[in-house]
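Novice: Listed here are the chains, written in short residue letters.
4 protein chains.
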Amino acid sequence: MTINQQQLIDWRREFHQFPETGWCEFLTTTKLAAYLSEMGFEVRLGKAIINEEFVRGRQQAIVDAGLKRAIEKGADQNWLDKMDGYTGLVAIFDSGKAGNTVALRFDIDCVNVQETAAPGHIPNQLGFRSQNDGFMHACGHDGHMAIGLGVAQWIADNKAQLNGKIKLVFQPAEEGVRGAAAIAASGIVDDADYFAASHLSFCADSGTIIANPKKFLCTTKIDIRYQGKPAHAGAAPHLGRNALLAAAHAVTQLHGISRHGDGMTRINVGVLKAGEGRNVIPTTAEVQLEVRGENAEINQYMVDQVMQIAKGISVSFDVAYETEIMGEAVDLDNDAELVDLISELAEKETGVTQVAPTYSFNGSEDATILGRRVQQHGGKAIYFIVGADRTAGHHQAEFDFDEKQLLTGVNLYTALLQRLNG
Amino acid sequence: MTINQQQLIDWRREFHQFPETGWCEFLTTTKLAAYLSEMGFEVRLGKAIINEEFVRGRQQAIVDAGLKRAIEKGADQNWLDKMDGYTGLVAIFDSGKAGNTVALRFDIDCVNVQETAAPGHIPNQLGFRSQNDGFMHACGHDGHMAIGLGVAQWIADNKAQLNGKIKLVFQPAEEGVRGAAAIAASGIVDDADYFAASHLSFCADSGTIIANPKKFLCTTKIDIRYQGKPAHAGAAPHLGRNALLAAAHAVTQLHGISRHGDGMTRINVGVLKAGEGRNVIPTTAEVQLEVRGENAEINQYMVDQVMQIAKGISVSFDVAYETEIMGEAVDLDNDAELVDLISELAEKETGVTQVAPTYSFNGSEDATILGRRVQQHGGKAIYFIVGADRTAGHHQAEFDFDEKQLLTGVNLYTALLQRLNG
Amino acid sequence: MTINQQQLIDWRREFHQFPETGWCEFLTTTKLAAYLSEMGFEVRLGKAIINEEFVRGRQQAIVDAGLKRAIEKGADQNWLDKMDGYTGLVAIFDSGKAGNTVALRFDIDCVNVQETAAPGHIPNQLGFRSQNDGFMHACGHDGHMAIGLGVAQWIADNKAQLNGKIKLVFQPAEEGVRGAAAIAASGIVDDADYFAASHLSFCADSGTIIANPKKFLCTTKIDIRYQGKPAHAGAAPHLGRNALLAAAHAVTQLHGISRHGDGMTRINVGVLKAGEGRNVIPTTAEVQLEVRGENAEINQYMVDQVMQIAKGISVSFDVAYETEIMGEAVDLDNDAELVDLISELAEKETGVTQVAPTYSFNGSEDATILGRRVQQHGGKAIYFIVGADRTAGHHQAEFDFDEKQLLTGVNLYTALLQRLNG
Amino acid sequence: MTINQQQLIDWRREFHQFPETGWCEFLTTTKLAAYLSEMGFEVRLGKAIINEEFVRGRQQAIVDAGLKRAIEKGADQNWLDKMDGYTGLVAIFDSGKAGNTVALRFDIDCVNVQETAAPGHIPNQLGFRSQNDGFMHACGHDGHMAIGLGVAQWIADNKAQLNGKIKLVFQPAEEGVRGAAAIAASGIVDDADYFAASHLSFCADSGTIIANPKKFLCTTKIDIRYQGKPAHAGAAPHLGRNALLAAAHAVTQLHGISRHGDGMTRINVGVLKAGEGRNVIPTTAEVQLEVRGENAEINQYMVDQVMQIAKGISVSFDVAYETEIMGEAVDLDNDAELVDLISELAEKETGVTQVAPTYSFNGSEDATILGRRVQQHGGKAIYFIVGADRTAGHHQAEFDFDEKQLLTGVNLYTALLQRLNG
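Protein chains in written order, with the working numbering: chain A, 321 to 742; chain B, 321 to 742; chain C, 321 to 742; chain D, 321 to 742.
These are computed hints drawn from the structure, not numbers from a lab. Please note that the accuracy of each hint is not assured.
[What the hints assert, rightly or not] In silico DSS-like links for lysine-lysine, alpha-carbon gap of 30 Å or less:
# : chain 1 : residue 1 : chain 2 : residue 2
1 : D       : Lys-631   : B       : Lys-631
2 : B       : Lys-535   : C       : Lys-535
3 : B       : Lys-549   : A       : Lys-535
4 : B       : Lys-593   : B       : Lys-388
5 : D       : Lys-534   : D       : Lys-668
6 : A       : Lys-534   : A       : Lys-402
7 : D       : Lys-631   : B       : Lys-593
8 : B       : Lys-535   : C       : Lys-668
9 : D       : Lys-402   : D       : Lys-388
[Said to hold, decoys possible] Label pairs and their computed distance ranges (CB to CB):
#  : chain 1 : residue 1 : chain 2 : residue 2 : range
10 : D       : Gln-397   : C       : Lys-724   : 56 to 64 Å
11 : C       : Ala-476   : D       : Gln-380   : 54 to 62 Å
12 : D       : His-715   : C       : Ile-442   : 50 to 58 Å
13 : A       : Gln-628   : D       : Gln-380   : 40 to 48 Å
14 : C       : Asp-330   : D       : Gln-397   : 50 to 58 Å
15 : D       : Gln-547   : C       : Gln-434   : 51 to 59 Å
16 : B       : Gln-379   : A       : Gln-628   : 36 to 44 Å
17 : B       : Pro-677   : C       : Ala-476   : 56 to 64 Å
18 : A       : Asp-414   : D       : Ala-656   : 57 to 65 Å
19 : B       : Gln-379   : A       : Ala-717   : 25 to 33 Å
20 : C       : Gln-620   : B       : Gln-445   : 46 to 54 Å
21 : D       : Ala-656   : A       : His-715   : 37 to 45 Å
22 : A       : Ala-381   : D       : His-715   : 58 to 66 Å
[Stated by the list, open to error] Quick look at which bits of chain D chain B covers, simulated, 3 or more residues with Cβ under 8 Å:
#  : stretch
23 : 566 to 573
24 : 636 to 645
Just so it is clear, CB atoms sit at the ideal spot from N, CA and C, and this is done for glycine as well.
Just chain A, with the same shape it has in the complex:
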C-alpha cells in the first residue's frame, strides 16, 4: 500500500493554519493526540515525557497566553488535562514481538514570524495561511508533522507485518533548541536501538537527499540576569548597585573569552536590556547570549567561561545574579550503518535524483540531543535532510516548500522501518 499524498498535504495545511510557538503547542498536541490515538497508538502526552529539570527557555507568561488561545481555538480539554501544562507527545507502537526498538522524531513548533500577505504566496492563494497573528510555520515543522502522521498511518496499516517497537516522538520547542533536552532526560528513547530524525528542505532542493550532514554546532543558550539596588543618580549614586554597568562589563568580558586551540568557538550576546530610568541607578539587567563549540567539550569550555564571568561580575559590582540555560544542542556523528542504509533506500526512491552523502550543517538542531542519548545507550542514530524546493529561506515570511516531498519523507521512513522492524 502506498501513502495518499493528498492526505499528507491536507495534514500539513491544517497545521499550517494553527502555528504555535515553542512550549505552547497545545492545540497542535491535542490534534496529534486525536489522530494518533484514533490510529491505535498508545499516546503519552506532555508532562509524562518531560523531565522538568531539563526544560529550557520556557516562560510561564508565554505558555499561559498560548494555552488560552489554544482553548479559544477549540483544543480538547480532555487531552489538555493529560498534558498537565506541557506540550509534545510520544506515540508508541509495540508489536509484542521481539525486534528492534526504533525512535523517530518530528518537531512541532513554529517560529515567531508574521506570514507574508503577498497574494502570490500559496497559503494565501489556497486559503490556509496562519490564523495566529505573529506566528508562522516558516521552518517546515508543519510538514514534519504531516510526515510523522503519514508514517503513523503506514504503521497502523501494516502492524501485522512489523516486529519490535516504534516510538514516534513529536517534540515541542525545537526553535531555540529548547525542547529535546527535557524529553531525552525523561528516558523515553533510552531503549531505542535506532533513532532517526530529518529536516525538510534546508539547503537541499527537491530530489536531493543528504544522508550524512556533519558539523552540527554544539550550542548552549544562556540568560544572565543581574539584580542591583536603586539610588538617585544625582544625589546618592554610591548607594546604588548598578546592574546595567555590571551587564555592560559582563558583555565586554564575554566577548573576550579566549578562542580554543582545538576548534571553533562562538559567542554572541544577542540581546541586552537594562535599567529603569535615566536618573536612577539601574537595578535590573538581562543578558541573552549563546555560545557554540566545534564539539561538546569545546562548547562546555565556553559555557564554563560564561558561568565564571557571570559570577565574577556579580562580585565586582556587588549585585545578585542568576543564570538560566535557555536551550542547548550538541553535535552528532551519524552512525555509518544508518548513513549507508538511508543512502541505499534513497537511491531506490522514485523522484530522488541525487544522494549527497556529506554536507556541512553549520547550524544547531536539538534532535542531536536525542540522537546522542540513543548512542550513549548503545543505539545508533542518524539525522538526514529531505530536499524540497523552497520559495524563500527558512524563517522568512515568504517561506513555502514543495509539498510533494512530504511523500518522499514518508517513503524513506517507512522503507527504513521495513528494514529495521520488517
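Go by the hints and put chains B, C and D onto chain A.
Specialist: This is chains B, C and D only, laid out in the frame that chain A set:
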C-alpha cells in the same frame, strides 16, 4: 481685590483630571488658551514660541498618541490649529506704558505615574482623580497652572494700575528638563527685565518660603544610538557590525569619564536596550544617559566627553551612530535684588511663618535655562520655593499637596508685580 | 641662647648629599642617631618604633640595595644592627618632671629624581649636590631634618628649664605616604598631649606661615597583582589564565567606580605592567593605583570598591590575586588651640611678615596619620607650613629653597616647646 | 665530491659562539660576507637587499648596542660600511648560462635566551658556548648558516657544471617574523623560478624529512602606542589625557574581536606597559599584540579590526596614537612539484629513514613571505623540515641538536640544485 481661593482650587482640580505628559499637553494648552484669551491676554501658542532646533526629548509617536487623546477629550480644534503640533503658550499683557518687562514661568506637564487607588487619597475622595491612565499630576504642575491663572486674573482685574509688560510663560515638558531650551531659544523672554519661577512644596512645608535655593545641578540628558549590521552569529559573525557590543563598551567608557578637579560631576547610563535575537549579531542599541556638573562649565566637560566617547566607539566598532540631547538644565544664581524682594514680600504675607533664605536644591529644573537667558540679556532672575504640606514625595502615586498654598503663590507673584509694574 | 643658623645650613647640606629613598634611609638614620645620642637623647631606632603589620610600600630588593649603598658610604654598623632592617628613629627627652608630652615629626626620605646638572643650581655651585645618582632631596626633607636637629640642640641646651617629655620623630618614607602608619601603629605617640609637624616652602614664600592648612586629601595607595597561567597564544590559548586581560578589565571597572553623593572622590591607576611576551598568554600583571576621598569615610568607600573589583576580576578570569596597601594618609582638622598658638608665635617671629590662617592643602601627607592618632588618644595636633622661597616646584630637579627659613622653623618649634614644656 | 662534515660542524660552532639578535647580526653578516666573497660569490649586503618601508620590529637602540658589540668583537669595518646599518646578505652565483633561477633562504639571528651553564651541555663541554650574555643560538639558525655555507662551497666547487642562477639569501630577524618582509619587498627573489627554505629539527628526529608541512599560521605582530597628557590625579584629573585607561579599554576591545566564520583566528595582547607614577594621569602606554588567521585573508581581517580599534580608542580618549607592524608571516602552500622532488631526493639520501609527506606546522615562519612572493611572480616554493635529534625544545636554554644532520641538509639542497641547475 483679593483672589478667590476656591477658584484656584477649582482650576487645579480641573487640570488634575487631565494630566498630559511632556510635549503632549494639547488639551491643557487649549484650556489655558481659552481662559487667558477670555481674560484679554494676547496668546501665542505652540510653534510660535518654540525654536525647533532646541526641542529636547520629543518623540513623535508619543506626541501623536497624546494629540489623539486630547482630541477625544474635546480639545478645541481652532486652538490646536494655531499650536501647529507644539504645546505651551505665552500670555502677554502690554500696558502700553513705559515700565519693566516681567516674565513669569509656570510648567504644565505631568509625570508618567499611575495615580493611587487608595480611597483616602483626596482626589479619589473628592472625585477629581486623573482620567488619563498611567499619567498623573504628581509633581504639582496642576497647582502651578492654577497659580498662573490666578496671577493672570489679577492682572486682568488691575490692568489700569499696571505699567510695562508682563509675559506669563506656560511651559511644556519640564519633566526630563526638556521644554525650556526651545522656548528660551525662541527669544520670547529676551526682553525681560525680571524673570521669576517657583515650585510648590518640594521640600518645604506650608508656611515656608525659600527665597534663594542654590546648587541647581546642571544636567544634560543624552541618548546615543548605534546602528550596526546583522549577520548570523554562528555562520558568519565577522560580517556583522555589533551595535550591542559597541554600546556595552560605550557604557564602560562613559562611567570611566574622569572626575573634574573643580567640582562635582555625575554620570549615569540609566537605560540600555540592544539587540534583536540571540543568534543574530545585534544591529541596534540605545544608550540613555544623563550627566551632571556642579556648574555649566563642568557639565559641558561631561557632555564633551560623552560625545567624544560616542564617536570613538563608532570608529572602533565600525557602526553608525547618532546622539540626541533629550533634556538639559543649567545652574542659576538668583539675583540678590530679587532674593531680597521676595524675602521682604514673603515676610509680609499672612500665613508665611518662615522665610528660609538659602537651601541646597541638589536637583535639576529647566526654569534655570530661561532665568539664565534673561540674565545673559541683562535682566534679573529668581527661582523660589512656595512651601506646601504634602502627603507623599513628588512623583509618587500618593502625592497630594495643601491647596491653600495656591493662594500664597498667587499673592507672592502679584505682590512682586505690584512692585515691578505697579 | 639662639640657634646658630650656619649649623642648620651645614646639617641640611650634609643630608642633601646623601639622599635615600623611602625605607632605605640607613645612612641618614645612623647619622641622625649619632648626632642625637651625642646630644644626650634616648634614641629608639628602626624596628623598635615600627609595627610591621602597617609597613606600606616597602620592597625588599630596593631596601637591600639601599642598605648596601649606605654601608659603602660608611654607615655605622653598630647603629645598623640596632635598626634591624628598618629606618627612622625617635629621640626622647624626658625631663623627669610632670608636664606635657609633646611629639614633633620630621620626615627624612628623598624623592627618586636626578638632581639637575645646571651650573646655576646652588648645590652645584657650592659643592653639596646629591652623591646618590637618581635620588635627590627635592622636597625639602633635608631641611626638615636640619630643623629637627636644631630643635634637639635647643632642648639639649635648655633641658634644665623644661618639664614633661618631648619626642622627636624622624619618620622614614613620607613620599608615597608610606611610613607614618607603621610608626603610629607602634604606639610611640599615643601618650602625646600635643603633636606638631610642618612642611617647608610648599606653596608659601619666605616670610609666610600658614597656621591652619585644610583639605588634606585622604588617600590610599594600592597595588593589585594578578597571577595567571601561561599557554601558547597560537596553539592553546584556552589553557592560559590571562592576567593581562584581567588587569585591563580591572582598570576599566576601577575607573567606573561610582562618584560618592557626599563628597569628592578620585581614582587613578597610575601604572600598569603586564605580560611576558607577545605570543604567550600573560601570567603576571601589576596594577598600581590610588584612591582619594574628601574624608576618611568616603576614602574607605573607594578602598572597599577597589577590593571588591580586585576580587571579582580574579573570579571572572580564574586568576590568583593579591592586594597590598602601599601608602595611606588621612585628613586632619588642626586643633584650634594649636592653630591659635602657632599663629600667635608666628606673629612675634622676626622675619615673618604674613600669617595666613587657612589654606586648601589639596594634597596628601602622612603626618596626618600621626596627628589623628594623637587626637584619637585625647591629644591635640597641628600641621603647618613654614614658607620659603623656592627655585622650582617640589619634586623637580631644579628645586632648592631659601635656607634662611630653617631658622624660622626652629624658632617656631622652640617657641612652641617653651609654651608647652616651659 | 662530498661535503666535509667537520667543516660544517666547525662553521656551526663558530656562529654558535657569537649569537646576535634580530637586526643586530653585524658580526655574523661580516663573517658570512668574508666566507662567501672568498668562495667567489657576488655579495650584496644590508641596505642593498632591504626595502626599508617593510622593516619590522627593529629598534634603533638595540641595533646600536648590537653594532657596538659587533665592533668590539672584531667585525670588519669595510663590510660594515657596505651594510649601511642593516644586516643580512644575498650571495649570488650566475653561471652566465640559461637556466633556472633558484633562491635558497637561511636565517641568521639568535634568540634572547641565556645559554645553560649545565656542564653536560655539549657547547659547554666542547668550549663553544655563547660569548654574548643573554643571547643564544637556541633555535638552530647557527646550523642553518652552516648548511648555507656548505651549499655555497658545493656551488663554488661545481660551478662549471651548473647553469642558470643561484641566490643564497642569508636573512636577518626571523625570530618574531620580522626580517623576510623587507627582503621580499626589495625584489631580490622576484626572478626566482624556485624557492626553498627549511628548518632543522623542529619536531622531527634525525633520519626524518618532512617534505610538506602545512598549516603555517598567518600572523601579524603589532604594537599600539598611546600618548596622552599628564595631570595631577588629585588636583586636576580632568586636564589629563589618560593613555593607560585608553590602552586598557583597547585591550578589552581587542580581545573581543569577533571570531571569523571562515576559519581560525587568534588575538593575544602579550605585553602592556603604561603609566609613569601612581598619582599622575598616565601619558604613555604600549600594547604589544599579535593576531593570527587560518589564511592571509582572515589574518588581514584581524589586522583591520586591530587598526580600527586602535583608532577608535584614540578618539574616545583624545590621545595620540601610532601603530607599528613588528613582524609578519603568511601561510604557504608548498608546490607539488617541489614536494615530490624533495621527497624523491630524501628517499635516496643515506641516513634518511622516513619521509613524512605532510605535517601540521601550527606555527609561524617568515620564509613563507619569500615563498609566496616567488609564487606570486610565477615561481614555485617549498618549505621543508630536516629532522635532527635535540636535547631540549627550541628556544630553551638547554637546546642542542644532532650536528650530523647538517650534512643531510647540505646533501638535500645540493641534490635539489643538481636537478634544477644541473
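Novice: Tell me if chain B covers the stretch 566 to 573 of chain D under the three-residue, 8 Å CB rule, please?
Specialist: holds (count 3)
Novice: May I ask you to test the hint 37 to 45 Å on the CB atoms belonging to Ala-656/D and His-715/A?
Specialist: holds, 44 Å
Novice: Is the listed coverage of the stretch 636 to 645 of chain D by chain B valid when you require three or more residues with a beta carbon under 8 Å from a beta carbon of that chain?
Specialist: holds (count 3)
Novice: Just to be sure I understand the hint, the distance between the Cβ atoms of Gln-547/D and Gln-434/C should be within 51 to 59 Å; is that true here?
Specialist: Once the Cβ atoms are compared, 23 Å apart, the range 51 to 59 Å for Gln-434/C and Gln-547/D is violated.
Novice: Just to be sure I understand the hint, the distance between the Cβ atoms of Asp-414/A and Ala-656/D should be within 57 to 65 Å; is that true here?
Specialist: holds, 60 Å
Novice: Between the beta carbons of Pro-677/B and Ala-476/C, is the distance compatible with 56 to 64 Å?
Specialist: holds, 59 Å
Novice: Given the range 56 to 64 Å, decide if the beta-carbon distance of Gln-397/D to Lys-724/C lies inside it.
Specialist: holds, 60 Å
Novice: Within 30 Å, alpha carbon to alpha carbon, are Lys-535/B and Lys-668/C?
Specialist: violated, 42 Å
Novice: Could you see if the CB distance from Asp-330/C to Gln-397/D stays within 50 to 58 Å?
Specialist: At 55 Å between Cβs, range holds.
Novice: Taking 30 Å as the top limit, are the C-alpha atoms of Lys-631/D and Lys-631/B close enough?
Specialist: holds, 11 Å
Novice: Would you mind confirming whether the straight-line C-alpha gap from Lys-535/B to Lys-535/C stays at or under 30 Å?
Specialist: holds, 21 Å
Novice: Run the distance test for Lys-631/D versus Lys-593/B: straight-line Cα separation, threshold 30 Å.
Specialist: Since the Cα atoms of Lys-631/D and Lys-593/B sit roughly 26 Å apart, the hinted pair holds (cutoff 30 Å).
Consistency note: the structure conflicts with the earlier hints numbered 6, 8 and 15.
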